[in-house]
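Visitor: Each chain is listed here by its residues.
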Amino acid sequence: MSNSQDIDSANAKQEFTITVYTENQIGILNRIAIIFSRRKINIESLNVSPSEIEHIHRFNILITETEEVVRKLARQIEKQVEVLKVYFNTNEDIIWQELALYKVPTDTIQEKVLVERLLRENGARAVVIRKDYTVFETTGHRTETDKLIEVLQPYGLIEFVRSARVAIIKDSTGFNSKLREFERLDPGHDVIENEFLDKEKNVFTM
Amino acid sequence: MDTLQEVTTTPAAPKETKQVTGSVALLEGLIAEGTETIFGYPGGAIMPIYDAIYDYKEKLNHILVRHEQGATHAAQGFARTSGKVGVVFATSGPGATNLVTGLADAQIDSTPLVCITGQVFAHLLGTDAFQETDVINITTPVTKWNYQVTDANEIPAALAKAFYIARSGRPGPVLIDITKNAQMQLFDYEGYTPCTHIRSYRPKPIIRNEYIEQAAALINSAKKPFILFGQGVSLGNAEAEFQAFVEKSGIPAAWTILGAGAIPTDHPLNVGMLGMHGNYGPNVQTNECDVLIAIGMRFDDRVTGRLDKYAKQAKVVHLDIDPAEIDKNVKADVPVWGDCKETLPLLTKLVTEKTHPEWLAEFKAFEKIEKEDLIEPELNPQSGELTMGEVIHQLNILTKGEAVIVSDVGQHQMVACRYGKLNASRLTVTSGGLGTMGFGLPAAIGAKFGAPNRTVVAVIGDGGFQMTLQELGTIMQFGVDVKILILNNQFLGMVRQWQQLFNEKRYSFVDITSPDFVKLAESYYIAGKKVTERADLVGSLEQMLQHPGSFLLEVMVSKEHNVFPMVPQGCSVGEIRLK
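Going down the list, the sequences are from chains A and B.
Numbering-wise, the UniProt record's numbering puts 131 at position 131 of the first sequence, and it's gapless, one number per residue.
Numbering-wise, the UniProt record's numbering puts 375 at position 375 of the second sequence, and it's gapless, one number per residue.
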């Protein structure tokens, strides 16, 4: 890429998925959210869940912004005491999915639709089938989950819900190794181990 | 910092458990952290802590302020002059919300504070109980870290974490909100263990040698290198390392208002103050230098003026402990992440010993113009009304650069910063980032506790003084020796100056009437005097400085005098105006 193209792509707004690893601590969601809201940046999707490492949570935050803004945001997030690491990636750098649930009237769907074909074509499955309604589930990119809304809308779609984006970074060795590196580079002092902090689950109760 | 290092190298004593209340554990922890002075105000939700401190009067000096905002500013003044952590107590609800201005000020100026607030009983949280506010959420944006304690067992660890976070890395304010039941609760106390490590917290970035090498190569190749330094130098206790770097490299250095004094004002390579009301030379030369070396400063917009026209010709080397500051406002060609106490010696080792006589002469030429056109008539007027500059000039002569100068916010602040002479670091205390009017008087109280052997002069405008003048009560009650110098121009001067220059003299609500400040001081049993004539100025300043104890000196200065030079809003630093 030429230099001017680099500058253009850095200044163009696009979707970025920010992945944040934090200690599992009350209030950290608010600290992170404030970093966006004080700059009047809208979070399009937010997922918080425990990670593969005990006591460490993983955030996936989706925003549409320029790379320069995202880089600055990432540094501000990483500056928070309870944040271990922040990554930011474009859609090309990640594998991502969203989960969607669709509730439709069972009688209509049985009468008017070739359900099997509908599910096959849209990669969906039935989660619940009751007399009064049926719930379908599908996962995929936004376009895929949107498509099923369009398909089901004529048959009296009662309710629809979509999860936040969850994403795995393609070019990553996982956070386990990063955490080990952190602790190798910056170990705690030998003399003092803060015993209360080590027992945070037992002591830091609210 | 010394206290922490001292404690961490001492082997841990065998643990003995004893039953104490959460309040006692808190006070024991504060003492273990080296706290001697606390600024605070009691109330219902913090009463157990105040009850406990009654038995600790010998070890902990509690200063009862007149408003919780005053407590935070006093703690800031204390922290800035002493280099230690300032400690504040306040009760729940209104007591805690009154801390917000001070917290915001401390956050933007990187001042280490530990604020302890009382909170309603844990079982009442979220019920809109009497004097309950959601202090944690209110203070989140203005603290480096905060935490709510609901069980006494948490207190030692939370306090240890608070001190560690407040003073390490880029310092800042932290707040611990303790519910009343936790303050009263008895628990098995095993003693206090300072915190020295938090898994998720990296106070200092790892220094990368390749950047030190790149920075040195850039500096060595420069024809017109220029150093900008900020408070990072004194926060890192790196004054000696900084001076060694400046002297070996022979590079002219200019300061931000919080960086003032890291090298003495009269140092031959100190070329003056940066920014909107800074000196002529350093502002113009920022747009002429070929390599700009920013050390522990954050390119505030008051320093840079218009960013798209700021130092575009220069390669920028930025030394900072906070990675988020790199590239935030000004793009760095070479980022030197790290504590400048560690990075500066590495850099000094690699830079060539040099002088830059021709380049330095260019600064001197600007200095000459500024001196003749502006400084001389400002500092030595022969007739007309008294100027703020001449008051500060005479104060400098009498204090010989040894006094702590605390300033409030406004025109007098810029004058005090421009003309204040400082022989050492930590002699200037001002609200730089937040620009908090009302900061000066309480900050001076704290500054005196932080530097008890120095003369402390609070330079305050007539407007700012009236925002926190209730702290005269604190001065009275605790016999704090603060010299209060009010520069009274009968206006909210800085806003008036802008209205004159940019709003066609539409002086909208800047004409402020003041009480008789001397009589007011008298009512607080504080000696005072008012000066209106030039002939009385020096004698009155001498009287103030020689007076045993606090003294209020009100000096009537020119009403419509403006602070120049000035980089007008929306202009580049190169467009600085001398008049």
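Source of the hints: derived by calculation from the structure; they are not laboratory data.
Please note that the accuracy of each hint is not assured.
[Unchecked claim] Here are the simulated DSSO-like pairs of lysine-lysine, each with C-alpha atoms no more than 30 Å apart in a straight line:
no., chain 1, residue 1, chain 2, residue 2
1, B, 312, A, 40
2, B, 312, B, 368
3, A, 85, B, 204
[Said to hold, decoys possible] Between beta-carbon pairs, the in silico distance windows are:
no., chain 1, residue 1, chain 2, residue 2, range
4, B, 500, A, 37, 34 to 44 Å
5, A, 27, B, 329, 50 to 60 Å
6, A, 146, B, 188, 20 to 30 Å
7, A, 155, B, 123, 25 to 35 Å
8, A, 37, B, 353, 48 to 58 Å
Values in this document were obtained by computation on a predicted structure and should not be read as measured data.
Yeah, the Cβ is synthetic: ideal placement off N, Cα and C, and Gly gets one too.
Visitor: Which hint numbers does the structure go against, in order from smallest to largest?
Guide: 5, 6, 7
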